[in-house]
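Enquirer: Line by line, the protein sequences give chains A and B. Read left to right, the first sequence gives residues 81 to 569 (my numbering). Read left to right, the second sequence gives residues 2 to 458 (my numbering).
Keep in mind that a hint or two might mislead.
Only pairs whose alpha carbons sit at most 20 Å apart, straight line, appear in this in silico SDA-like list of lysine to any residue [said to hold, decoys possible]:
#  : chain 1 : residue 1 : chain 2 : residue 2
1  : B       : Lys-285   : A       : His-241
2  : B       : Lys-279   : A       : Ala-560
3  : B       : Lys-297   : A       : Gly-552
4  : A       : Lys-267   : B       : Lys-54
5  : B       : Lys-86    : A       : Val-137
6  : A       : Lys-518   : B       : Asp-11
7  : B       : Lys-297   : A       : Met-100
8  : B       : Lys-86    : A       : His-241
9  : A       : Lys-265   : A       : Ser-306
10 : A       : Lys-385   : B       : Glu-57
11 : B       : Lys-54    : A       : Gly-552
12 : A       : Lys-270   : B       : Leu-35
13 : B       : Lys-182   : B       : Arg-153
14 : B       : Lys-54    : A       : Phe-175
15 : A       : Lys-289   : A       : Lys-206
16 : A       : Lys-206   : B       : Glu-57
17 : A       : Lys-518   : B       : His-7
18 : A       : Lys-265   : A       : Glu-310
19 : A       : Lys-270   : A       : Gly-552
20 : A       : Lys-561   : B       : Glu-52
21 : B       : Lys-86    : A       : Glu-202
22 : A       : Lys-385   : A       : Ile-375
A partial selection of chain A residues facing chain B, derived with a Cβ cut-off under 10 Å [to be verified]:
#  : residue
23 : Leu-157
24 : Asp-180
25 : Ser-278
26 : Met-279
27 : Glu-280
28 : Asn-281
29 : Leu-282
30 : Ser-355
31 : Met-407
32 : Glu-456
Simulated from the structure, these hints should not be mistaken for lab results. Cβ atoms here follow ideal geometry from the backbone N, Cα and C, with glycine treated the same way.
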Amino acid sequence: MSQVLPLINERSQPGRRGVMPPVASAEERAAAVATLPANARRVKPLTLPEVSELDAVRHFTRLSQRNFSIDGQMYPLGSCTMKYNPKINDRVASFAGFADLHPLQEDGDTQGFLAVYWELQEVLKKVLGLPGVTLAPAAGAQGEFTGMAVIRAYHRANSPHKDTVLVPDQAHGTNPASAVLAGFKVKEIKSGPDGRVSMENLRAAIDEKTAAIMLTNPNTCGIFESDILEISKLMHAAGALLYYDGANLNAIVGRARPGDMGFDCVHMNLHKTFSTPHGGGGPGAGPVGVSARLIPYLPEPRVLKTDEGTFRMTRPGDFPNSIGRVMGFHGNAGVLVRALAYAWAQGGTGLRDVANYSTLNANYILAHLDHEIFEEPFARPCKHEALVTLRRAFKERNIRAFDVAKRLLDLGYHAPTIYFPLVVPECLLIEPTETESKQELDLFIAAMQQIATEIKETPDVLRNAPSTTPTGRLDEAEAAKALNVCCQW
Amino acid sequence: MAYTPHTPADVEAMLASIGVGSLDELFKDVPASLMLETPIDVPSMTEYEIERKFDELAGMNRAYPAGRSFLGAGAYRHYLPAAAKQLITRGEFMTAYTPYQAEVSQGTLQTIFEFQSHICGLTGLDVANASMYDGATALAEAITMSVRETGRHTAWLPELLHPHYRAVCETFLREIDVEIKTIPSVDGRTDFSAVPAGEAAVVVIQTPNMLGVIEDGVAAREAATRSMGMLVAVVNPTSLAILASPGGYGADIAVGEAQPLGIPLSFGGPYAGFFACKQQYIRKMPGRIVGRTHDKQGNPGFVLTLQTREQHIRRDRATSNICTNQGLFALLTVMYVSFLGKQGLIEVAETSLTRTMQVANGMLAIPGVSRHNPHAHFHEVALRLPIPATEFLDAMADHGILAGFALSRWWPTEEKLLLVNATELNTRQDVEAYLLAAKNVLAGVGGSQRAASAAAR
Numbered sequence: 081m082s083q084v085l086p087l088i089n090e091r092s093q094p095g096r097r098g099v100m101p102p103v104a105s106a107e108e109r110a111a112a113v114a115t116l117p118a119n120a121r122r123v124k125p126l127t128l129p130e131v132s133e134l135d136a137v138r139h140f141t142r143l144s145q146r147n148f149s150i151d152g153q154m155y156p157l158g159s160c161t162m163k164y165n166p167k168i169n170d171r172v173a174s175f176a177g178f179a180d181l182h183p184l185q186e187d188g189d190t191q192g193f194l195a196v197y198w199e200l201q202e203v204l205k206k207v208l209g210l211p212g213v214t215l216a217p218a219a220g221a222q223g224e225f226t227g228m229a230v231i232r233a234y235h236r237a238n239s240p241h242k243d244t245v246l247v248p249d250q251a252h253g254t255n256p257a258s259a260v261l262a263g264f265k266v267k268e269i270k271s272g273p274d275g276r277v278s279m280e281n282l283r284a285a286i287d288e289k290t291a292a293i294m295l296t297n298p299n300t301c302g303i304f305e306s307d308i309l310e311i312s313k314l315m316h317a318a319g320a321l322l323y324y325d326g327a328n329l330n331a332i333v334g335r336a337r338p339g340d341m342g343f344d345c346v347h348m349n350l351h352k353t354f355s356t357p358h359g360g361g362g363p364g365a366g367p368v369g370v371s372a373r374l375i376p377y378l379p380e381p382r383v384l385k386t387d388e389g390t391f392r393m394t395r396p397g398d399f400p401n402s403i404g405r406v407m408g409f410h411g412n413a414g415v416l417v418r419a420l421a422y423a424w425a426q427g428g429t430g431l432r433d434v435a436n437y438s439t440l441n442a443n444y445i446l447a448h449l450d451h452e453i454f455e456e457p458f459a460r461p462c463k464h465e466a467l468v469t470l471r472r473a474f475k476e477r478n479i480r481a482f483d484v485a486k487r488l489l490d491l492g493y494h495a496p497t498i499y500f501p502l503v504v505p506e507c508l509l510i511e512p513t514e515t516e517s518k519q520e521l522d523l524f525i526a527a528m529q530q531i532a533t534e535i536k537e538t539p540d541v542l543r544n545a546p547s548t549t550p551t552g553r554l555d556e557a558e559a560a561k562a563l564n565v566c567c568q569w
Numbered sequence: 002m003a004y005t006p007h008t009p010a011d012v013e014a015m016l017a018s019i020g021v022g023s024l025d026e027l028f029k030d031v032p033a034s035l036m037l038e039t040p041i042d043v044p045s046m047t048e049y050e051i052e053r054k055f056d057e058l059a060g061m062n063r064a065y066p067a068g069r070s071f072l073g074a075g076a077y078r079h080y081l082p083a084a085a086k087q088l089i090t091r092g093e094f095m096t097a098y099t100p101y102q103a104e105v106s107q108g109t110l111q112t113i114f115e116f117q118s119h120i121c122g123l124t125g126l127d128v129a130n131a132s133m134y135d136g137a138t139a140l141a142e143a144i145t146m147s148v149r150e151t152g153r154h155t156a157w158l159p160e161l162l163h164p165h166y167r168a169v170c171e172t173f174l175r176e177i178d179v180e181i182k183t184i185p186s187v188d189g190r191t192d193f194s195a196v197p198a199g200e201a202a203v204v205v206i207q208t209p210n211m212l213g214v215i216e217d218g219v220a221a222r223e224a225a226t227r228s229m230g231m232l233v234a235v236v237n238p239t240s241l242a243i244l245a246s247p248g249g250y251g252a253d254i255a256v257g258e259a260q261p262l263g264i265p266l267s268f269g270g271p272y273a274g275f276f277a278c279k280q281q282y283i284r285k286m287p288g289r290i291v292g293r294t295h296d297k298q299g300n301p302g303f304v305l306t307l308q309t310r311e312q313h314i315r316r317d318r319a320t321s322n323i324c325t326n327q328g329l330f331a332l333l334t335v336m337y338v339s340f341l342g343k344q345g346l347i348e349v350a351e352t353s354l355t356r357t358m359q360v361a362n363g364m365l366a367i368p369g370v371s372r373h374n375p376h377a378h379f380h381e382v383a384l385r386l387p388i389p390a391t392e393f394l395d396a397m398a399d400h401g402i403l404a405g406f407a408l409s410r411w412w413p414t415e416e417k418l419l420l421v422n423a424t425e426l427n428t429r430q431d432v433e434a435y436l437l438a439a440k441n442v443l444a445g446v447g448g449s450q451r452a453a454s455a456a457a458r
């Protein structure tokens, strides 16, 4: 594999053309441009690529070959749920009736898409066990902001002095970040020694200013919060609400519902639980489900069913207490089509299998790891992800989770999540998902066994890893110092 | 059961090897009362049935061929080359993860770096991020950044800012105590002289504005300086091929919607917001940033950089909560820009302007039609009709033409205002067909079935 791939602009030759767009004649264009005032015209010359179509095809093809991807490699990334992305989903999302529809066309023109939204809303209500759903947020973090803003609006109307949100120390960083953006103060509560919320610390933290708690269940250690019913009773008694970060929904989807646990507000990550592609960094979608008392505050727009059985988008004034728009148009509609296709491929029985087999797969890996090296900080069973720590290997042999991650790249696996959650040092969070077979898991386990042996016998192999990838370890300090983020032409 | 490979033999072997008696035993830590007894009520379909069902649903949408549509108003039809349509479906792009493990993500990282470079090239600013959710949320983030940077809490937004952008800003800024003040307009163009001297966090200019009118960047810069606020420019990337760049008139931050760079209309999403700013603000910028570096052997490569700004490290003190963004669609715009190239983008911009002027001039030749305002515009123009715009649109739909946007949907009292957009996809023939149909409709010839049934309701 060639080491250096030029930037697309570095392939430019002045005057070289790629694909020709349809154009008005040069005379027509010159006449139109001449009517623009001089001070509106571009002065600085435009510096964009000048390459042939084949140049560009080779460029992007070669770049793609420098990527790992689910289609090529297993990605046991804890908390990311990197399951197989079904191709039928991409196919249906590309139908012209969906791809070419303008967001501002009137409801009469868009009944198909409105039906997709309606159907997905109904599916998610059943999955979550909650009566209200919005499909607007573009990603999990935006879903978190939306949910917390809904909670803020609810409290503003009822008990405005409630301005503090409780967040466990093991929470994903988007939780406190989103709470702050929604206008809350954040109070962190320390987890207990069993990796769960400590009821003692929770009781001590609740006061009359507590607006809500943000929880993940199973939590970021991959363990189910067994006291959840007691927690929700405690919070509700204090006039506070429960927010559910749905990142780990894969462990319980179709078998248990956040609404039944007492959660008032839930976000899901469709690019995790519902198989929509990660795209190298998005797009995702972060629908939010809410209990009845929060429905009036959901963002715009929503999709409603009329008495005649057709669908319509909400109009301004339909829901005067709505928190308003969170996106320019209607959310990541193309992602929602894919999620609905997935929901129908699974059905209720398939979703139950997702929970069962993702959990089985994680427990299978956990049980077969070398525990001298990969220590288990918490008791089994885990749920859909397994947390191990290299705490002892670090202390005794100066080998870190980082080194294991890099060595796995050499062995053809994307690394698991490392150094998250923050509460366990030198940790690896391993989430195989349900789409990996026993045979693939056995190969992964063998790779982890090889690494455990290398740690004991030839640790330098890890320290020098990766050595089979397009680059070796990259200097992040240099990147932060040079700050070369934009090719200056 | 779909996509799970487990056979009964697999399950039995796996359970036995870990000493667990049943799948249910793995859920013994979940209170029994929470475990559903029956599966949730969602049907399951084969792949063939799914394709049929979605074919039916897609058929319930009326998507106009690009040449027969003249509707813009924030989302624009432009040609995406076939090669890009195909390359974007490569699994190595679509099913890759966020490039945290840089050594196996050089493809994604380099394309993000190229996206950042193209956005800097178009906007004339120094640094850009890997994308935001869309143009509207990018603007909200820019205002938030200005508030944080200046310590002040007043944001000046033009009256002629796209109403959805305004609405999104209101949702986010309400929670962080920002007062939005409105810059008035005169005759379809923003009057930046109305911004007083004083203590503002930010002055916003959108150009072209919601009526397609080209705004005065220099006047906006003067207003920002006078008010002590930062200047945020909301811009259309196609227009930047031929119009003045925000960097050129001194904007501190430029944001906008990258959808016009080949992203399908797709009922409003997924799109991709872009965010660029001056070098001095790089540490305050939200979103992911890719930077160049080297490995130990001196090989060049790319990594995510300045991650200490982001939520996974700074948590409650992060510059933003954004995590997953719109990566695949930022990549699509890199492909678009690469396949069309510099000259191609200029031709798209010039042709879009040309066709819009041809539609406008042809409409103005029809008795009763006049311009809303006299100002220079890009590829969108507001026209006053002799009949309500909604009636005009219904009648044009009977001719198979999606003739524009009725501004009464945003300004209820302005019944007769029509916003028309043309792009390079509206050929000379499409423009002539539009004008022929419009002449018929406005001469009272060939009524509208929809208007008649609407009246009957």
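Enquirer: A separate judgement is required for each hint: does it hold in the structure or not?
Expert: Structure-based check of all given hints:
1. B:Lys-285 - A:His-241: violated, 31 Å
2. B:Lys-279 - A:Ala-560: Judged against 20 Å, a Cα distance of about 17 Å means the pair holds.
3. B:Lys-297 - A:Gly-552: Roughly 7 Å between the alpha carbons, so the hint for Lys-297 of chain B and Gly-552 of chain A holds.
4. A:Lys-267 - B:Lys-54: Given pair Lys-267 of chain A, Lys-54 of chain B is violated - Cα atoms ~48 Å apart, limit 20 Å.
5. B:Lys-86 - A:Val-137: With Cα atoms ~11 Å apart, Lys-86 of chain B and Val-137 of chain A stay inside 20 Å; holds.
6. A:Lys-518 - B:Asp-11: Holds. Lys-518 of chain A to Asp-11 of chain B sits at ~7 Å (cutoff 20 Å).
7. B:Lys-297 - A:Met-100: violated, 43 Å
8. B:Lys-86 - A:His-241: violated, 52 Å
9. A:Lys-265 - A:Ser-306: Given pair Lys-265 of chain A, Ser-306 of chain A is violated - Cα atoms ~27 Å apart, limit 20 Å.
10. A:Lys-385 - B:Glu-57: Distance ~18 Å between Lys-385 of chain A and Glu-57 of chain B Cα, so the pair holds.
11. B:Lys-54 - A:Gly-552: violated, 48 Å
12. A:Lys-270 - B:Leu-35: This hinted pair is violated, its Cα atoms lying about 26 Å apart.
13. B:Lys-182 - B:Arg-153: OK: Lys-182 of chain B and Arg-153 of chain B at ~13 Å, within 20 Å.
14. B:Lys-54 - A:Phe-175: Holds: Lys-54 of chain B and Phe-175 of chain A sit about 12 Å apart, inside 20 Å.
15. A:Lys-289 - A:Lys-206: violated, 32 Å
16. A:Lys-206 - B:Glu-57: Violated, at roughly 24 Å.
17. A:Lys-518 - B:His-7: At roughly 7 Å apart (the allowed maximum being 20 Å), His-7 of chain B and Lys-518 of chain A satisfy the hint.
18. A:Lys-265 - A:Glu-310: Not OK: Lys-265 of chain A and Glu-310 of chain A at ~24 Å, beyond 20 Å, violated.
19. A:Lys-270 - A:Gly-552: With Cα atoms ~37 Å apart, Lys-270 of chain A and Gly-552 of chain A exceed 20 Å; violated.
20. A:Lys-561 - B:Glu-52: The given pair, whose Cα atoms are some 51 Å apart, is violated under the 20 Å limit.
21. B:Lys-86 - A:Glu-202: Violated, at about 32 Å.
22. A:Lys-385 - A:Ile-375: holds, 16 Å
23. Leu-157: With a closest approach of 7 Å, the Leu-157 of chain A hint holds.
24. Asp-180: holds, 4 Å
25. Ser-278: Violated - the Cβ of Ser-278 of chain A stays beyond 10 Å from chain B, reaching only about 16 Å at its closest.
26. Met-279: violated, 15 Å
27. Glu-280: Result: violated, 20 Å to nearest chain B Cβ.
28. Asn-281: Status violated, d = 18 Å.
29. Leu-282: Violated - the Cβ of Leu-282 of chain A stays beyond 10 Å from chain B, reaching only about 17 Å at its closest.
30. Ser-355: holds, 8 Å
31. Met-407: This interface hint holds because 6 Å falls under the 10 Å limit.
32. Glu-456: Violated. Min distance 13 Å.
Against the hints set out earlier in the document, violations occur for numbers 1, 4, 7, 8, 9, 11, 12, 15, 16, 18, 19, 20, 21, 25, 26, 27, 28, 29, 32.
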